[in-house]
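Visitor: Each chain, written out:
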Amino acid sequence: MQMTGADLIVKLLERQGISTIAGVPGGAALPMYDALSKSEQIHHVLCRHEQGAGFIAQGMARVSGRPEVCLASSGPGATNLVTAIADAKLDSIPMIALTGQVPLSMIGTDAFQEVDTYGLTIPITKHNFLVRSAKDLLTVVPSAFRIAMSDRPGPVLIDVPKDVQNQMVSFEEFPDVVVPDTAPVFDIAAIEEAAKMIEAAERPVLYLGGGVIHSGAAHMAVTLAEQSSLPTTMTLMALGAMPMDHPLSIGMLGMHGARYTNYVLEEADLLICVGARFDDRAIGKTAEFCPNAKIIHIDIDRSELHKVKNANVAIAGDVGQVLSELLPRVKPQLRKRWLSHVESLKGRFPLAMPGVDDPRSPYGLIHAVASCLDDSAIITSDVGQHQMWVAQAYPFRRPRQWLNSGGLGTMGFGFPAAIGAALAAPDRTVVCFSGDGSLKMNIQEMATAAQEDVNVKIVLFNNQSLGLVHQQQSMFYGKRIMASRYERPTDFLKIAEGFGMRAVDLDPAANPRAVLAEALQTRGPCLIHATIDPNEFVYPMVPPGAANSEMIG
Amino acid sequence: MSEQNTNLSEFIPDVPEHAGFHKVVLELGVANHPGVMSHICGLFARRAFNVEGILCMPVGGGDTSRIWLLIFEDERLEKMIKQVEKLEDVLYVNKHDGEHPVFGRLDEFFQ
Numbered sequence: 001m002q003m004t005g006a007d008l009i010v011k012l013l014e015r016q017g018i019s020t021i022a023g024v025p026g027g028a029a030l031p032m033y034d035a036l037s038k039s040e041q042i043h044h045v046l047c048r049h050e051q052g053a054g055f056i057a058q059g060m061a062r063v064s065g066r067p068e069v070c071l072a073s074s075g076p077g078a079t080n081l082v083t084a085i086a087d088a089k090l091d092s093i094p095m096i097a098l099t100g101q102v103p104l105s106m107i108g109t110d111a112f113q114e115v116d117t118y119g120l121t122i123p124i125t126k127h128n129f130l131v132r133s134a135k136d137l138l139t140v141v142p143s144a145f146r147i148a149m150s151d152r153p154g155p156v157l158i159d160v161p162k163d164v165q166n167q168m169v170s171f172e173e174f175p176d177v178v179v180p181d182t183a184p185v186f187d188i189a190a191i192e193e194a195a196k197m198i199e200a201a202e203r204p205v206l207y208l209g210g211g212v213i214h215s216g217a218a219h220m221a222v223t224l225a226e227q228s229s230l231p232t233t234m235t236l237m238a239l240g241a242m243p244m245d246h247p248l249s250i251g252m253l254g255m256h257g258a259r260y261t262n263y264v265l266e267e268a269d270l271l272i273c274v275g276a277r278f279d280d281r282a283i284g285k286t287a288e289f290c291p292n293a294k295i296i297h298i299d300i301d302r303s304e305l306h307k308v309k310n311a312n313v314a315i316a317g318d319v320g321q322v323l324s325e326l327l328p329r330v331k332p333q334l335r336k337r338w339l340s341h342v343e344s345l346k347g348r349f350p351l352a353m354p355g356v357d358d359p360r361s362p363y364g365l366i367h368a369v370a371s372c373l374d375d376s377a378i379i380t381s382d383v384g385q386h387q388m389w390v391a392q393a394y395p396f397r398r399p400r401q402w403l404n405s406g407g408l409g410t411m412g413f414g415f416p417a418a419i420g421a422a423l424a425a426p427d428r429t430v431v432c433f434s435g436d437g438s439l440k441m442n443i444q445e446m447a448t449a450a451q452e453d454v455n456v457k458i459v460l461f462n463n464q465s466l467g468l469v470h471q472q473q474s475m476f477y478g479k480r481i482m483a484s485r486y487e488r489p490t491d492f493l494k495i496a497e498g499f500g501m502r503a504v505d506l507d508p509a510a511n512p513r514a515v516l517a518e519a520l521q522t523r524g525p526c527l528i529h530a531t532i533d534p535n536e537f538v539y540p541m542v543p544p545g546a547a548n549s550e551m552i553g
Numbered sequence: 001m002s003e004q005n006t007n008l009s010e011f012i013p014d015v016p017e018h019a020g021f022h023k024v025v026l027e028l029g030v031a032n033h034p035g036v037m038s039h040i041c042g043l044f045a046r047r048a049f050n051v052e053g054i055l056c057m058p059v060g061g062g063d064t065s066r067i068w069l070l071i072f073e074d075e076r077l078e079k080m081i082k083q084v085e086k087l088e089d090v091l092y093v094n095k096h097d098g099e100h101p102v103f104g105r106l107d108e109f110f111q
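Quick note, the sequences are listed as chains A and B, same order. Using this note's numbering, the letters of the first sequence map in sequence onto residues 1 to 553. Using this note's numbering, the letters of the second sequence map in sequence onto residues 1 to 111.
Just chain A, same shape as in the assembly (with noise of 0.2 Å):
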């Protein structure tokens, strides 16, 4: 056979079994937008800023589990790239990104849109290729993949010079379709003495991260709980893992977890860390986070044990694999003492959430959310005091329900990643919450909901303010407000309207609980504004730096 590179790549990509990709051309991108304009198989979705193209791979990524592609040109392209895919970094999703380069002869030259797109790329992304000779595609495009779904996932770069893209190669057949690598082997010694321990332990905590969504590990994990009576508790990326409100569920921990969560973790005498990976934010002061605990920590990527705190028992492995060995090792234990301790604590100490019954305060928002939606859903945040309400708040039940930016707390992911979302799932109903300061973020990319006239309804918590930065400095800073009050308020229903979406106010509805319904069960994009008080505060709250003891609130 005898293409160009341009024309391998999109067939490689369509052997990967490939049918949306997300991206912005450019002239260094031009071959690759000509080889697609001849593909049947992939739907190209033209974003209005390469972030948004990042971040929509990305939310169709965390929907399916598996890699999906942006595109961008080089230069400024690729630049713009870079927060979505550092962003993929750091909450382990599987993302190719593929950029168009200056032609080979050209590199280093500071020639017309060149910048060192490999050189910048390297600490954010799992593995990083420049591509040198068409012929090298076939087996850099397969690793990419193959990369970024193996072990621990996340974002691999293929940056492709433009002579490359136009280079005729020649080859005899294609290569495989890539699978993921086995998962590391692990001991099985280790998985009896994490039984023993666990049998053995009177306050035993179960801690999930997204690795148990990533590992497609939570109903493994919901049994393990079950079996050994173990109270469990969820990160931010891990929502969903368990259902909120199962008997076991002791919440989301951390900075904003409930006073209850973080208080029996702190009395606990076993940690089970599964697929989790000690975030400042979710354990606060190292060493003060469950203080008198043994800790089991089983995960895939072997750095990250003993990385943040010291493993009594340590496992690499993929999780869903050790726990499959470890539940038939596991005792069925029923540990009544210590379970009728956490509910007195949950009932001395549960999520205060004032305003619940007014669905024109944020936690009443919420739930007036949830109460039109089922399980079904799929719910987006951006980044702020919306998202962490909604965290705290909303009654995630099924893993991968949940799609928000954990890691690098990017404002701006929630709209375009929950476009991604409604593309990969187009049945579903996609509901973003977002605040005005991170819609502002990738507002633009209301254009490319319009023109793909998607499932997807944005419930813009307005308080005219960088919420929780105006919390922070309220709280931290002697009140001195800075910089984080919007002086001059935003239009937002004549901006979606502006770009051919839907929206309707709550404000001054009569009935908002009914324009709400109205709203979210109308197909179609829709913005759906709601002014908030910017002097609610997220409660409680660990002051940055303190233990998880030394809550706020």
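The hints are simulated quantities; they were obtained by calculation from the structure and are not laboratory data. Check the hints yourself; a few may be wrong.
Stated by the list, open to error - Here are the simulated SDA-like pairs of lysine to any residue, each with C-alpha atoms no more than 25 Å apart in a straight line:
hint, chain 1, residue 1, chain 2, residue 2
1, A, LYS135, B, HIS22
2, A, LYS479, A, ALA352
3, B, LYS95, A, VAL185
4, B, LYS79, A, PRO291
5, B, LYS95, A, ASP301
6, B, LYS95, B, HIS22
7, A, LYS196, A, LYS89
8, A, LYS307, B, PHE21
9, A, LYS307, B, PRO34
10, A, LYS135, B, PRO34
11, A, LYS89, B, CYS41
12, B, LYS82, A, VAL308
13, A, LYS309, A, GLU193
For clarity, every value in this text was computed on a predicted model and none was experimentally measured.
Dock chain B against the given chain A, drawing on the hints supplied.
Guide: Only chain B this time, still in chain A's reference frame:
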């Protein structure tokens, strides 16, 4: 909120002030292509982990290279090695004592 928290700022873990004097030699087998050195050096630089010496030459047919690193050991070394091992282009990492002869005769070129 209470003023007592005004002084709290983000908790930044201390970088060890000095790396100690115990030297370690790391031997890395890597894929041989432009960019590998950037991947490896970036990991050390980001963590302010001082690399005292670097040697790199292709081995065998040139598909792979061997990199020798001379570093001062500190408590983060084992974590550092795990990060290096994670790189796609790194095939293996061996740890040797600082007295390993590979850097021994180089002194005369640095007089």
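Visitor: Please go over all the hints and tell whether each is borne out by the structure.
Guide: The hints, checked one at a time:
1. A:LYS135 <-> B:HIS22: 47 Å, violated
2. A:LYS479 <-> A:ALA352: 24 Å, holds
3. B:LYS95 <-> A:VAL185: 23 Å, holds
4. B:LYS79 <-> A:PRO291: 23 Å, holds
5. B:LYS95 <-> A:ASP301: 21 Å, holds
6. B:LYS95 <-> B:HIS22: This hinted pair holds, its Cα atoms lying about 13 Å apart.
7. A:LYS196 <-> A:LYS89: The given pair, whose Cα atoms are some 35 Å apart, is violated under the 25 Å limit.
8. A:LYS307 <-> B:PHE21: 23 Å, holds
9. A:LYS307 <-> B:PRO34: The given pair, whose Cα atoms are some 30 Å apart, is violated under the 25 Å limit.
10. A:LYS135 <-> B:PRO34: With Cα atoms ~17 Å apart, A:LYS135 and B:PRO34 stay inside 25 Å; holds.
11. A:LYS89 <-> B:CYS41: 19 Å, holds
12. B:LYS82 <-> A:VAL308: The given pair, whose Cα atoms are some 13 Å apart, holds under the 25 Å limit.
13. A:LYS309 <-> A:GLU193: 19 Å, holds
When each numbered hint is compared with the structure, violations occur for hints 1, 7 and 9.
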